[in-house]
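Trainee: Chains as they are written, first to last, in this note's numbering: chain A, 1 to 353; chain B, 1 to 275; chain C, 1 to 290.
Read the hints as simulated data drawn from the structure, not as lab findings.
Ideal Cβ placement from N, Cα and C applies to all residues, glycine included.
Hints may be right or wrong, so weigh each one.
Straight-line distance between alpha carbons at most 16 Å, and here's what the computed EDC-like set of lysine to aspartate or glutamate pairs gives [said to hold, decoys possible]:
no.	chain 1	residue 1	chain 2	residue 2
1	C	4	B	104
2	B	7	A	69
3	B	7	A	70
Partner residues aside, some chain C positions facing chain B, computed with beta carbon under 8 Å [as the list claims (entries may be wrong)]:
no.	residue
4	3
5	110
6	252
Facing chain B, according to a computed beta carbon distance under 10 Å, are these residues of chain A, among others [to be verified]:
no.	residue
7	51
8	54
9	67
10	68
11	69
12	71
13	72
14	73
15	74
16	75
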Amino acid sequence: MARVSLTNITKRWGDFIGVDNQSLEINDKEFLVLLGPSGCGKTTTMRMIAGLEEPTAGEIRIGDRVVNDDLPKDRDVAMVFQNYGLYPHMTIFDNIAYPLKVRGTPKAEVAPRVEKAAAQVELTEFLHRKPKALSGGQRQRVALARAIVRTPKVFLMDEPLSNLDAKLRVTMRAELKHLSRQLQITTVYVTHDQIEAMTLADRVAVMKNGVIQQLGTPDEIYNDPANLFVAGFIGSPAMNLINGSVKDGMFVTTGGTSLVKVGISDRDAVVLGVRAEDVEIHQPGEGDIDLKVYAYENTGESVMLTVQFGQQRVIARGDRHLRMDMDDTVGLRLNPDHLYLFDPASENRIGNG
Amino acid sequence: MTGRQRKQFWNAIQIILILIAAGIMIIPIIWIFLAAFKSHVDVYQLKLFFSPTLENFSTVFQSPYDLGHKLFNSTVVAGVTVLFAIPIATLAAYSFSRFRLRGETTLLVMILATQFVPAVVIVLPFFVMFRDIGLLDTRTGLILVNLAIVMPFAIWMIKGFIDGIPIDTEEAAMVDGSTRLQVIWNIVLPMAAPGLFTAGIFCFIIAWNEFLFALILTNKNAVTLPIGLALFKAEEGDLWNLLSAAGIIIMLPMFILALTIRRYFVQGMTMGAVR
Amino acid sequence: MQDKRLKYLLVVPAVLVVFATAIWPLIDSLRLSFTVGRLTRPNFPQAYIGLENYNWAFFDEPAFWNSVTVTSIYTIVTVALTTLIALGLAMLLAPGGRLRSGVQTLLILPFAMSPALIGVSFRFMFNPEFGLFDAFFGLLFPPLADISWLSDPVLAFVVCVIADVWGWIPFLTLVLIGGLASIPRDTIEAAQVDGAGGWRVFKDVTLPQLMPVLAVVLILKAIFSLKTFDQVYMLTNGGPGTATQTLSHYIYFNGFKYGQIGYSASVAWLMVIPMLVLTYFYAKFVFRKD
Ligand SMILES: Nc1ncnc2c1ncn2[C@@H]1O[C@H](COP(=O)(O)OP(=O)(O)OP(=O)(O)O)[C@@H](O)[C@H]1O
Ligand SMILES: [Mg+2]
Numbered sequence: 001m002a003r004v005s006l007t008n009i010t011k012r013w014g015d016f017i018g019v020d021n022q023s024l025e026i027n028d029k030e031f032l033v034l035l036g037p038s039g040c041g042k043t044t045t046m047r048m049i050a051g052l053e054e055p056t057a058g059e060i061r062i063g064d065r066v067v068n069d070d071l072p073k074d075r076d077v078a079m080v081f082q083n084y085g086l087y088p089h090m091t092i093f094d095n096i097a098y099p100l101k102v103r104g105t106p107k108a109e110v111a112p113r114v115e116k117a118a119a120q121v122e123l124t125e126f127l128h129r130k131p132k133a134l135s136g137g138q139r140q141r142v143a144l145a146r147a148i149v150r151t152p153k154v155f156l157m158d159e160p161l162s163n164l165d166a167k168l169r170v171t172m173r174a175e176l177k178h179l180s181r182q183l184q185i186t187t188v189y190v191t192h193d194q195i196e197a198m199t200l201a202d203r204v205a206v207m208k209n210g211v212i213q214q215l216g217t218p219d220e221i222y223n224d225p226a227n228l229f230v231a232g233f234i235g236s237p238a239m240n241l242i243n244g245s246v247k248d249g250m251f252v253t254t255g256g257t258s259l260v261k262v263g264i265s266d267r268d269a270v271v272l273g274v275r276a277e278d279v280e281i282h283q284p285g286e287g288d289i290d291l292k293v294y295a296y297e298n299t300g301e302s303v304m305l306t307v308q309f310g311q312q313r314v315i316a317r318g319d320r321h322l323r324m325d326m327d328d329t330v331g332l333r334l335n336p337d338h339l340y341l342f343d344p345a346s347e348n349r350i351g352n353g
Numbered sequence: 001m002t003g004r005q006r007k008q009f010w011n012a013i014q015i016i017l018i019l020i021a022a023g024i025m026i027i028p029i030i031w032i033f034l035a036a037f038k039s040h041v042d043v044y045q046l047k048l049f050f051s052p053t054l055e056n057f058s059t060v061f062q063s064p065y066d067l068g069h070k071l072f073n074s075t076v077v078a079g080v081t082v083l084f085a086i087p088i089a090t091l092a093a094y095s096f097s098r099f100r101l102r103g104e105t106t107l108l109v110m111i112l113a114t115q116f117v118p119a120v121v122i123v124l125p126f127f128v129m130f131r132d133i134g135l136l137d138t139r140t141g142l143i144l145v146n147l148a149i150v151m152p153f154a155i156w157m158i159k160g161f162i163d164g165i166p167i168d169t170e171e172a173a174m175v176d177g178s179t180r181l182q183v184i185w186n187i188v189l190p191m192a193a194p195g196l197f198t199a200g201i202f203c204f205i206i207a208w209n210e211f212l213f214a215l216i217l218t219n220k221n222a223v224t225l226p227i228g229l230a231l232f233k234a235e236e237g238d239l240w241n242l243l244s245a246a247g248i249i250i251m252l253p254m255f256i257l258a259l260t261i262r263r264y265f266v267q268g269m270t271m272g273a274v275r
Numbered sequence: 001m002q003d004k005r006l007k008y009l010l011v012v013p014a015v016l017v018v019f020a021t022a023i024w025p026l027i028d029s030l031r032l033s034f035t036v037g038r039l040t041r042p043n044f045p046q047a048y049i050g051l052e053n054y055n056w057a058f059f060d061e062p063a064f065w066n067s068v069t070v071t072s073i074y075t076i077v078t079v080a081l082t083t084l085i086a087l088g089l090a091m092l093l094a095p096g097g098r099l100r101s102g103v104q105t106l107l108i109l110p111f112a113m114s115p116a117l118i119g120v121s122f123r124f125m126f127n128p129e130f131g132l133f134d135a136f137f138g139l140l141f142p143p144l145a146d147i148s149w150l151s152d153p154v155l156a157f158v159v160c161v162i163a164d165v166w167g168w169i170p171f172l173t174l175v176l177i178g179g180l181a182s183i184p185r186d187t188i189e190a191a192q193v194d195g196a197g198g199w200r201v202f203k204d205v206t207l208p209q210l211m212p213v214l215a216v217v218l219i220l221k222a223i224f225s226l227k228t229f230d231q232v233y234m235l236t237n238g239g240p241g242t243a244t245q246t247l248s249h250y251i252y253f254n255g256f257k258y259g260q261i262g263y264s265a266s267v268a269w270l271m272v273i274p275m276l277v278l279t280y281f282y283a284k285f286v287f288r289k290d
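Please put together the full structure from these sequences, using the hints given.
Mentor: Right under this line is the structure:
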């Protein structure tokens with residue numbers, strides 16, 4: 001049971017800045033997800049909490065204790081490594097049992113706990129194999145089991161589900177969610193997968209180039225993006241971002257098409273953001289603007305229309321029964337309640353629709 | 001102590017140990033270097049400061065030591081050995097690396113085993129044969145026997161390097177219409193060049209430093225540098241200043257060669273045993 | 001040309017060379033070991049005498065057994081010392097950084113030194129009057145001051161061992177550093193997070209993963225220790241008496257100083273046998289399937 005706080009943490013290698021003067025408070029029992037593109041410093045942040053990497057500057061606390069000077073073994077954290085870090089010379093059983101053994105858990109307790117952890121990740125039948133004889137996904141689950149076999153102060157999980165197939169990922173996600181509610185242990189979780197982030201997180205921290213862009217609940221991150229980066233990064237498909245300007249209260253695209261009424265005063269350069277599901281598809285003439293279909297994709301649960309005007313493309317999500325073809329004409333209307341406006345220079349959000 | 005202090009403490013201990021180890025490794029070599037520049041008088045004392053002289057180096061090249069002749073022999077023997085060994089080994093290594101041959105493992109183990117056979121065993125029949133056909137005390141003879149120690153080593157080492165080259169490029173070239181020999185010449189050789197170079201240097205060093213064969217099979221004309229060291233045992237004891245100068249002549253070129261292949265050192269030396 | 005034929009053609013020259021320069025002499029040595037084979041007599045190699053030479057070695061030659069003992073002790077001591085020290089040094093140097101990789105580079109130098117020269121150098125270093133190591137040991141442990149190292153059977157052996165260990169540590173260290181580098185960092189970090197201290201990480205995670213490399217290194221060193229010749233020849237020439245006479249040296253002496261080629265071929269073959277056993281284990285590791 002512990003809160004984790006990072007205060008003005010910087011990690012630098014020579015001139016390269018991995019994490020740039022960041023502060024982050026992770027509450028007790030909170031499930032915090034670190035989300036961001038490859039190389040943005042997620043793993044680095046996690047390794048600093050684990051004590052595998054020494055911060056260049058700043059202070060790390062776990063509970064009430066400043067742990068900067070503590071070795072990893074004394075921090076009482078459990079970690080799932082991005083590349084698993086399994087012990088190749090030990091059986092799966094011994095791999096999972098190692099953190100218990102090394103901390104002097106009574107012998108009689110080890111086996112039942114290992115078996116329980118293995119069952120939670122559906123690995124019971126593989127306990128006597130060596131890691132080499134497992135698939136990537138199975139290895140990843142061993143790494144997960146090795147972490148959850150103990151009750152540490154903090155769980156650190158670096159993309160623990162990234163190598164599982166789609167189905168197993170859903171099951172394991174539910175398992176993890178259940179586990180974290182049940183165990184009530186502070187968790188820092190890194191992922192690329194937005195659904196994972198949205199479903200598991202109490203709060204999400206979106207990172208870019210070593211800087212946290214926004215910290216908030218999944219709802220806030222999705223519906224209230226702080227800047228262009230978060231808006232563009234969260235959501236699939238990515239939010240439509242249209243360049244233009246505001247004239248007489250109307251958003252006008254760079255191509256000169258007057259698109260929609262917005263609630264900010266006139267300015268020269270503006271980026272308008274709208275999510276695909278907020279672009280309504282109508283019959284020609286019934287929307288704000290008529291456009292030709294550039295591509296039609298049916299994903300099963302919905303359909304995606306890509307349309308093009310000027311240099312820009314916009315994606316709209318439509319009902320799964322909608323049938324269209326290339327070059328058909330549609331009328332599009334942007335839902336005025338869900339528009340986001342950004343300043344292209346500062347990339348910050350400057351208003352809603 | 002906190003975790004970090006303990007870590008710093010251990011790090012300091014480590015640095016001290018590393019410096020001691022480095023000292024033990026390097027001091028004898030430095031000592032020889034110094035001795036080579038000491039005069040006949042200074043070398044018989046534990047002197048760190050002395051007035052350096054180049055006299056030793058000119059002495060060793062003069063009669064009766066004639067180190068120039070030995071230097072020539074060593075260069076020719078090691079050089080020709082390498083010139084034969086590397087191309088032959090490369091062809092075989094390529095085949096071992098890329099094809100399945102019947103009895104491949106047996107052959108490879110046999111080649112490996114020959115490398116570990118004591119040189120004294122090999123030299124006995126060669127001595128008898130060379131005596132009969134007049135190859136004793138010739139560079140040709142020495143080159144022949146040197147091939148015995150260098151070949152297996154070169155085959156294994158080059159095979160290791162070729163194993164490390166992805167086969168895709170070769171297959172692409174074959175699809176594009178190259179013959180196998182063109183592939184070897186145009187694709188494999190350029191890509192394996194650093195490996196071949198490394199193997200060549202290794203073999204040169206081994207042949208250069210080779211002692212037992214030269215000791216037994218030569219006595220005057222084809223004497224190599226390591227054997228030449230024995231010349232400096234005089235009646236009144238060893239001539240350390242001259243020995244040291246000769247030592248430098250033996251080891252300095254090898255130091256330079258070894259440093260050029262620093263990057264491939266471990267990979268090469270273990271012949272694929274360490275992955 | 002068809003790959004099917006080409007692949008054999010490519011290996012032919014190499015196999016021929018290996019046969020001519022290594023396999024043939026090996027077999028011919030065996031043949032010689034059954035002959036009288038005295039250089040001093042005419043009509044070399046003279047008559048076949050069956051196992052006479054082997055009998056001679058086993059039952060009539062204390063010097064043979066002496067060199068067996070010397071070689072055995074020498075091998076055990078040098079293998080153990082070299083491996084242990086090299087392992088320690090590799091652990092020290094593996095983390096990298098400027099100092100450590102600098103020292104790694106230095107280690108290449110002793111490797112490139114000819115063993116004969118190492119022998120000479122150590123005779124110089126241990127000279128009782130002006131040897132550097134002699135002075136150093138004398139300072140450390142006064143009873144050893146100005147001792148005539150190479151005239152004392154035990155000390156001469158010790159000096160041989162020191163020279164051997166000195167010459168081999170660099171190579172073994174570099175190979176072990178390579179082995180350490182191939183251990184995934186993740187596994188070591190995982191153990192640290194799991195709660196293992198330095199020693200336990202080494203014992204539970206590093207060492208088991210280094211084992212294959214360590215085994216290869218051990219066998220390789222054992223093979224080369226068994227055939228030691230150059231250094232001993234230059235350092236002590238087997239002396240004082242036969243205190244440091246290794247098998248290779250014994251064979252050399254009998255064959256080329258006393259001209260008993262047949263006899264020394266038989267001893268040589270006795271030496272080949274343990275070598276083949278070690279090679280077998282070495283090959284097993286090299287060809288291991290993972
Ligand atoms: N030891 C190191 N030395 C130098 N740069 C490093 C080191 N470790 C990481 N980096 C750099 O720091 C940056 C952040 O790395 P990090 O591993 O934290 O990324 P990440 O967000 O986890 O990415 P991914 O999603 O691909 O795992 C990267 O650009 C990486 O190249
Ligand atoms: Mg990462």
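Trainee: Please go over all the hints and tell whether each is borne out by the structure.
Mentor: Each hint, compared with the structure:
no. : hint          : result
1   : 4(C) / 104(B) : holds (14 Å)
2   : 7(B) / 69(A)  : holds (9 Å)
3   : 7(B) / 70(A)  : holds (10 Å)
4   : 3             : holds (6 Å)
5   : 110           : holds (6 Å)
6   : 252           : holds (6 Å)
7   : 51            : holds (8 Å)
8   : 54            : holds (8 Å)
9   : 67            : holds (9 Å)
10  : 68            : holds (7 Å)
11  : 69            : holds (4 Å)
12  : 71            : holds (4 Å)
13  : 72            : holds (9 Å)
14  : 73            : holds (8 Å)
15  : 74            : holds (6 Å)
16  : 75            : holds (9 Å)
Violated hints are absent here; each numbered hint is respected by the structure.
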